[in-house]
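In the order they appear, the protein sequences are chains U and C.
One gets my numbering by counting positions in the first sequence from 1 and adding 8 to each.
One gets my numbering by counting positions in the second sequence from 1 and adding 2 to each.
I should point out that these hints are in silico values taken from the structure, not numbers from a laboratory.
Some hints could be false.
Quick look at which bits of chain C chain U covers, simulated, 3 or more residues with Cβ under 8 Å [stated by the list, open to error]:
| no. | region |
| --- | --- |
| 1 | 59-73 |
| 2 | 100-108 |
Example chain U residues on the side facing chain C (calculated, C-beta under 10 Å, incomplete) [what the hints assert, rightly or not]:
| no. | residue |
| --- | --- |
| 3 | C355 |
| 4 | A358 |
| 5 | L367 |
| 6 | A369 |
| 7 | D434 |
| 8 | M438 |
| 9 | N475 |
For each residue, glycine too, the CB sits at the ideal point set by N, CA and C.
Below, each chain spelled out in residue letters.
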Amino acid sequence: MGALKNGLRAIFLRLEALLEAAFGARLNPLTQLGTLGWFLFWIVTVSGIYVYIFFDTGVTQAWESLDRLSHEHWYLGGLMRSLHRYASDALVIVIFVHALREFAMDRMRGNRWFPWVTGIPLLWFLYACGITGYWLVWDQLAQYVAVATTEWLDAIGIFAEPIARNFLDSERLSGRFFTLVIYMHIALPLLMLLFMWIHIQRHAHARVNPPRELAIGTLVALVALSFAWPAMSQAPADLDRAPFSLGLDWFYLAVYPLLERMDGRMLWLLLVGGSVLLSLLPWLPPLKKAPAARVDLENCNGCRRCFADCPFGAITMMKRTDGLAFEQEARVDPDLCMSCGICVGACPTATPFRRVGHLSAGIELPDRSMAGLREEVIAASAGISGDARVIVFGCNHDADSARLADASTAVIRLPCVAMLPPSFIDLVLMRRHAEGVLLSGCAGNDCYERLGDQWTEQRIANERDPNLRARVPRERVAVAWNNPIRQGALREALTQFRAHLGGLAAGAGPALQPAPGPAAWRARLRTLPVPARYTGQGLVYALVVGLVGFFATQPAYTYLADDRALLKLSFSHAGQPLKPCRRYTHEELTSTRFSERSATSCERGRWPVYVELDLDGQPLYRATHEPAGLWNDGPSSVYARFEVPAGRHRLDARLRDDGSDGGFTFTASRTVELQPGQNFVVEFRAADGGFRFGLPAQDAAGRETP
Amino acid sequence: MTLLKWQANFRIGIAEVDHEHQGLIDLINSLHSALGQERSGERVEAFLGEIFADISAHFALEEKVMRDRRYDALAEHKADHERLLDELRDLMDAQADGAVLDDQRFAAQLASWFAGHFQTHDARFHRHLAR
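Next up, chain C with everything else stripped away, as it sits in the complex:
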């Protein structure tokens, strides 16, 4: 099952950011399929930990790009990044405390976050770049 699908309108026009967006979706999908059906706590933890690290790194890069281009809505955009990372950490902690990871819900959560983020924040940055 593919957790997330790349969509053309995710593209914001900066090669390295698009590359990472796409990479992130691929990574989440491949990690997820590698996770398979064998859901030992440790494997799920590792899956989430890797996603967390990669998203952290990606946000660091995206924020750098925004700073370089003097993006005026950086603060709000960054707040949204922080919110996702906090949610992810909550999920990781819950999972570590014994909660069972619900794929469907996790996928839906990530997908809705990505879609929402891309459509509002990244699109706004896209418009900023076009100016």
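For reference, chain U alone in the conformation it holds in the complex:
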């Protein structure tokens, strides 16, 4: 698992570097997958509502209403329809890459299991939405989806009668099931909405909306795709014919072709088992986590800064418990705490200037105390020399800042750079422990601890408490956000920073002029020229919507070869009672209370139905079907589908429903002419005299040519 994760992470980091060159860190789509998903969800919702206004919910009019929308109303209705489809497809890509990336970056283990696990039902809802959506078009693809889905559901074996029989032939088609599917297609997105809300419950300050530029780019790209390649219906559904070839949406329907090669139950098992395995991933293997942050009530007055800064909602403000006049105290939930230390960096009592007794902040990480950090800073300062000494405060996920250590550079690494209280920078610079402080964190806008980079920048810029005191010269504080593969960029930032510090010293006047500029110093790293960046962004959008447009219908799926037809044997028939009913005798009747009397005594329980079907004299189907119902007194149901060569065939059907040893209750034979692509149904209705081959007209024709 570790090797897989590391390999994936290496790929992601390189891809991200590539995208960052075009988009910049703030707009990097790979760090905005969750927000992009949210944005796409709303494109799908809004376009869906629009399409629904013009959609005729009757099964026979659905196709026509959508076809009209696409052709007569192409500039808006057709656009909305295409957006509805393509944004849904893009959503699949975004969600899968999102999940894969959180896995690769190891952001789903330990106390971060919650968004991972709650994301899995979302996947199921998403797929159910997509499948029911394709159903509603009622074209050939919808027909295929309807038949394959109901057959697949029947494989579970929980329905008394196969629901696939709803789509057996044109005679039987009713709007009933179709209406159910429409309700599901509306209800499921609402469920998704609920689960998306749950999904981000444990993220304080969850990023929800993508940056505007990215949202606009995404929308424009999807609109362009919609006009270039409008989403259209396939030929209208005709249950009496089976489609030969289908433009399958591989984002949603990729597993369907497996149903032709695999038992439906097996596929359920695979998908359910896969989902269970996925939801266990956060514990494979369990994360060895540092102990959770601890509140020291003696130093906590309930000022709420740690509560405001915790990225994981692990801190709650509770009613004071120690009798002091304060209203609240902070409490850490160890089941939510990631031990990142950001709360410590927010605590006003975490200053290195305290010397009385034991320096303890109001909130501390047990294995990384502020007293210890102070000692580290003093020792680090003592170990470096030169006239541009730099103390680097790095984090565990940065571009390996430990490598920067040299004669004039000391490195102190923390779980997250935002664990550093700004007063430590004050100490280092104002007490001249170094000439410069470099804060090195992991990727900007993609902090491993979610908000470390943001809080650090805001504290330096005087936008967030605790801020770096205005008297501390900002030109001696540098920030550098680099993911692990950007070691060169980090080194370059340090080199430039040192040169900059040298310049400050050489410049006339005292080196430590108070200069409360809000921003920290930043390295000027090489970036691509603007035209190249926009070209790069365009290429990325084109590539993604190209993928979306292509796999939305390509490659075509061959459902049925040109010279084949479908033969279905399906009916529902109640076998004979195990024992015939008998009339009560006069004595029995008189001994029964008047209100409980009935004429006959019938035992529950029926014989199973045994059925045989031969094709051209060869056995095609033989099976015994047990009666449904807890008392075995329901009808026996048969549903079987065969692919047969088109042409003239002789069919012999036999049925036994009375448990007798030999012989059949019903037999029938026909010679039928199967057209290529025909969907031919052999049925049985005892009331109508037994087997029926095809639609009434076909059956009558078959009778005449024995």
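For chain U, the structure is supplied; the task is to place chain C on it using the hints.
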């Protein structure tokens, strides 16, 4: 010698803030008397460092209370807090660089700051609460 004296008109009517105001004055006094006459640089530094931490924490709490109560003059009030903390840090740095802490001047500085702050900013907040 008592460095600072609590005065009834310091009270602003929020239990936790008053409690801390009083506590701060007590702390400054007790730290100061503990400091005694033995003025090694390290002890003075520790004395100031502790005061700095406690005042920082107190301001954090007071600003929280003000934010909770939508105090319209929070920005000015906070600026005054920042000014005191900056002055305190200047003093700490000067002391660390060898300046001798002048009790009388320090006491007068703190007292005048407290009195000024209480009388203008805290009183204004008090009026805001009464509204």
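Here's how the hints hold up against the structure:
| no. | hint | verdict |
| --- | --- | --- |
| 1 | 59-73 | holds (count 7) |
| 2 | 100-108 | violated (count 0) |
| 3 | C355 | holds, 8 Å |
| 4 | A358 | holds, 8 Å |
| 5 | L367 | holds, 9 Å |
| 6 | A369 | holds, 9 Å |
| 7 | D434 | holds, 7 Å |
| 8 | M438 | holds, 6 Å |
| 9 | N475 | holds, 8 Å |
Hint compliance for this structure: hint 2 alone is broken.
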